[in-house]
Amino acid sequence: MNVMKLEIKDLHVEVEDKEVIKGISLNINEGEFHVLMGPNGSGKTTLSRTIMGHTKMKVTKGDILVDGESILKMPTDKRAKLGLFLLFQSPIEIEGLGLLNFLNTAKASLQGNLPFKEFMEEVKNDAKSLHIKEDIIGRSLNYGFSGGEKKKVEVLQMQVLKPKIAILDEPDSGLDVDAVRVVAENVNDYQQRAKAGLLLITHYSRILNYMKPNFVHVMVDGKIVKEGGRDLADQIEKEGYKF
Amino acid sequence: MITVESTEKVLEQAIASYSKMPFETAQLYKKYVLNFPIPQGDAEGGTDLEKLRTQIANESRLRFDLYNGKEGTVSSSEFVKVSGKKQNDYREDANAGFEERLGAYVSSRSKNSVEIDIPAGREAKLNFLFLCDSSNAPVQVVANIGDGSRLSLFEWFGSASDARCASTTLHVINAGSRSNVEINMLHNEGLETGVGALNRVSAGEDSVVRMNGIYNGGKLTRSSTFAEASGRGSNLLVNEIVLGNAEQKFDINTFILNSNQQTKAVLKTGAVLKGKSFCILKGYAKVAEHTNGSYSNVEERGLVLDPDARIQPLPDMSIDCKDVAFASHSASTAPLDKEALFYLMSRGIDETKAKRIFVASFLSKYLADIENDIVKEIAISILLDKLDNDRHTPVPKISMQNLWIVPKKR
Numbered sequence: 001m002n003v004m005k006l007e008i009k010d011l012h013v014e015v016e017d018k019e020v021i022k023g024i025s026l027n028i029n030e031g032e033f034h035v036l037m038g039p040n041g042s043g044k045t046t047l048s049r050t051i052m053g054h055t056k057m058k059v060t061k062g063d064i065l066v067d068g069e070s071i072l073k074m075p076t077d078k079r080a081k082l083g084l085f086l087l088f089q090s091p092i093e094i095e096g097l098g099l100l101n102f103l104n105t106a107k108a109s110l111q112g113n114l115p116f117k118e119f120m121e122e123v124k125n126d127a128k129s130l131h132i133k134e135d136i137i138g139r140s141l142n143y144g145f146s147g148g149e150k151k152k153v154e155v156l157q158m159q160v161l162k163p164k165i166a167i168l169d170e171p172d173s174g175l176d177v178d179a180v181r182v183v184a185e186n187v188n189d190y191q192q193r194a195k196a197g198l199l200l201i202t203h204y205s206r207i208l209n210y211m212k213p214n215f216v217h218v219m220v221d222g223k224i225v226k227e228g229g230r231d232l233a234d235q236i237e238k239e240g241y242k243f
Numbered sequence: 244m245i246t247v248e249s250t251e252k253v254l255e256q257a258i259a260s261y262s263k264m265p266f267e268t269a270q271l272y273k274k275y276v277l278n279f280p281i282p283q284g285d286a287e288g289g290t291d292l293e294k295l296r297t298q299i300a301n302e303s304r305l306r307f308d309l310y311n312g313k314e315g316t317v318s319s320s321e322f323v324k325v326s327g328k329k330q331n332d333y334r335e336d337a338n339a340g341f342e343e344r345l346g347a348y349v350s351s352r353s354k355n356s357v358e359i360d361i362p363a364g365r366e367a368k369l370n371f372l373f374l375c376d377s378s379n380a381p382v383q384v385v386a387n388i389g390d391g392s393r394l395s396l397f398e399w400f401g402s403a404s405d406a407r408c409a410s411t412t413l414h415v416i417n418a419g420s421r422s423n424v425e426i427n428m429l430h431n432e433g434l435e436t437g438v439g440a441l442n443r444v445s446a447g448e449d450s451v452v453r454m455n456g457i458y459n460g461g462k463l464t465r466s467s468t469f470a471e472a473s474g475r476g477s478n479l480l481v482n483e484i485v486l487g488n489a490e491q492k493f494d495i496n497t498f499i500l501n502s503n504q505q506t507k508a509v510l511k512t513g514a515v516l517k518g519k520s521f522c523i524l525k526g527y528a529k530v531a532e533h534t535n536g537s538y539s540n541v542e543e544r545g546l547v548l549d550p551d552a553r554i555q556p557l558p559d560m561s562i563d564c565k566d567v568a569f570a571s572h573s574a575s576t577a578p579l580d581k582e583a584l585f586y587l588m589s590r591g592i593d594e595t596k597a598k599r600i601f602v603a604s605f606l607s608k609y610l611a612d613i614e615n616d617i618v619k620e621i622a623i624s625i626l627l628d629k630l631d632n633d634r635h636t637p638v639p640k641i642s643m644q645n646l647w648i649v650p651k652k653r
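Here the protein sequences line up with chains D and A, keeping their order.
Numbering follows this note's numbering, in which position 239 of the first sequence is assigned residue number 239; successive positions increment by one, without gaps.
Just so we're on the same page, this note's numbering is the position in the second sequence counted from 1, plus 243.
Read the hints as simulated data drawn from the structure, not as lab findings.
We put the CB at the ideal spot given by N, CA and C, even for glycine.
Be aware that one or more of the hints could be misleading.
Once the Cα atoms are required to be at most 16 Å apart in a straight line, the calculated EDC-like pairs of lysine to aspartate or glutamate come out as [what the hints assert, rightly or not]:
1) D:Lys81 with A:Asp593
2) D:Lys81 with A:Glu594
3) A:Lys598 with D:Glu93
4) A:Lys581 with D:Glu93
5) D:Lys73 with A:Glu594
6) A:Lys581 with A:Asp566
7) A:Lys519 with A:Glu490
8) D:Lys78 with A:Glu594
9) D:Lys56 with A:Glu582
Sample of chain D residues facing chain A (criterion: CB under 7 Å; computed from the structure) [said to hold, decoys possible]:
10) Asp77
11) Lys81
12) Glu95
13) Leu97
I would like the entire structure built from these sequences, with the hints used as guidance.
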């Protein structure tokens with residue numbers, strides 16, 4: 001079976017005429033678990049949004065490839081259809097758009113229509129494992145949700161939409177200790193079940209207490225300055241980003 | 244030289260006129276008025292209204308209890324009486340304001356006056372179809388809803404796409420104590436038709452009154468609504484939806500008044516504009532003296548989809564009571580939220596569909612307040628048909644598949 005490959009080659013990105021990403025290369029294969037750490041303002045979120053094709057992120061040099069093909073000219077929805085997924089650090093609230101309808105529309109766009117009963121069963125099971133209250137499912141997308149509920153609903157979307165490679169932009173920020181554990185367990189479970197590739201972006205190693213990443217990358221000022229395994233995250237926790 | 248006394252007098256007069264309706268009297272707002280020509284006689288041309296009526300009834304799968312068109316009036320309800328009675332005391336005066344002139348025109352020219360009388364403790368669900376063409380056919384509706392009664396009224400106003408006529412209406416709604424009333428007015432006239440609407444609503448003690456106005460058709464629409472939470476404990480919601488495209492123009496003027504204690508009066512207006520359309524939203528709330536514990540809110544929201552479309556929201560408020568529970572007014576307009584589109588597209592939804600979802604979600608905040616599901620279904624179908632196809636048709640395709648509105652918690 002062919003595994004999906006995401007390659008980032010010498011990527012330079014400008015946001016409003018300011019260079020934020022200054023030459024990053026990174027390969028992520030389906031089934032691998034990568035962690036990207038870095039201080040505030042180092043460009044982690046810019047990288048994640050560039051991979052998903054946000055129009056404000058201007059690629060000035062380098063390339064992003066999926067299975068050897070450049071996706072730079074591909075609109076965001078097509079990238080999602082290839083199997084990419086972005087868990088948002090600050091998910092958008094849309095009042096009036098029912099979460100369930102949104103999920104159903106997104107799933108139909110990616111995988112075709114699923115019998116509604118089957119779809120509901122899947123959503124309910126995933127929501128239960130994330131400890132999402134039932135009434136959340138019937139409400140508007142992220143509207144009036146707490147920070148923790150929003151993050152859990154992002155993970156729920158990942159589980160239902162089943163991407164091959166998911167970029168998780170700070171799924172742990174704003175969560176209490178118990179919620180971090182629940183989110184981590186669900187991400188682990190999804191990664192193992194779907195053999196998905198993950199790029200988890202975080203400031204802290206707290207969430208990694210429940211996870212087993214294969215690779216840890218450290219990003220400072222738009223560049224990857226150090227790479228290693230799980231122990232690199234522990235070192236950052238103790239010493240900070242002084243390299 | 245201005246004396247203190249005369250200054251006070253001027254101020255007093257200014258406040259008095261402002262308290263009535265600032266959009267008509269205050270200098271500040273005088274430029275925000277669209278001139279609606281009150282018809283002088285019948286318009287030119289003619290249309291097969293029977294055919295239009297059949298098409299609308301078939302497409303909406305709706306039995307209309309009252310049909311009022313060129314050929315006269317068809318009515319089939321024990322609660323509805325049609326007569327030639329003049330229902331109001333508007334004066335005919337060429338120098339009077341818009342309300343006075345429109346009221347005088349409708350009441351003097353209307354061949355059929357519709358009287359709805361719901362006796363105490365009864366319940367009625369009524370659907371009316373009003374079509375206008377060369378005869379202009381002004382419509383006056385007077386509804387008296389008895390104590391403890393329920394009324395759900397749906398009115399579809401239409402005309403043929405090429406009908407150069409005036410669709411003019413006058414509503415006088417009196418909701419009795421403990422009554423529950425929903426008035427839904429769908430303006431879906433053709434794009435050559437002028438729409439002039441005058442609405443007077445009064446909510447009795449402990450009543451719940453919802454008035455939903457959907458403005459989708461018409462070349463130039465001017466509406467004036469005065470809604471009063473007059474009975475103690477009454478709950479009044481005026482909910483307005485505007486969808487404009489091409490060169491449509493709207494002047495939506497609404498006045499909500501808390502005139503008794505423990506009352507709630509809310510005005511919610513949502514406008515979506517495309518093309519070169521233009522809309523003035525004038526929402527005014529007044530909380531009268533000695534209305535302790537009252538709640539008042541004006542909220543105007545606009546979504547501008549094209550660079551040449553314009554919305555001018557003008558929320559205003561006058562609080563004359565020192566002990567209100569809540570009083571607020573706000574307005575905002577914005578283009579499509581690019582971050583929201585990115586979010587939707589990151590889930591595999593293409594750009595066209597993502598835009599449609601975003602606009603439909605905006606509209607659904609207002610449609611969710613409509614309790615009558617059939618009206619909700621028809622309204623969202625008509626609005627999405629216009630958005631999707633960038634056109635306006637008197638008989639749009641109506642589909643249940645578009646119903647994906649978040650249910651409102653009651």
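Hints, verified against the model:
| no. | hint | in the structure |
| --- | --- | --- |
| 1 | D:Lys81 with A:Asp593 | holds, 10 Å |
| 2 | D:Lys81 with A:Glu594 | holds, 13 Å |
| 3 | A:Lys598 with D:Glu93 | holds, 15 Å |
| 4 | A:Lys581 with D:Glu93 | holds, 13 Å |
| 5 | D:Lys73 with A:Glu594 | holds, 15 Å |
| 6 | A:Lys581 with A:Asp566 | violated, 42 Å |
| 7 | A:Lys519 with A:Glu490 | holds, 5 Å |
| 8 | D:Lys78 with A:Glu594 | holds, 10 Å |
| 9 | D:Lys56 with A:Glu582 | holds, 10 Å |
| 10 | Asp77 | holds, 4 Å |
| 11 | Lys81 | holds, 5 Å |
| 12 | Glu95 | holds, 6 Å |
| 13 | Leu97 | holds, 4 Å |
Of the numbered hints stated above, the single one contradicted by the structure is hint 6.
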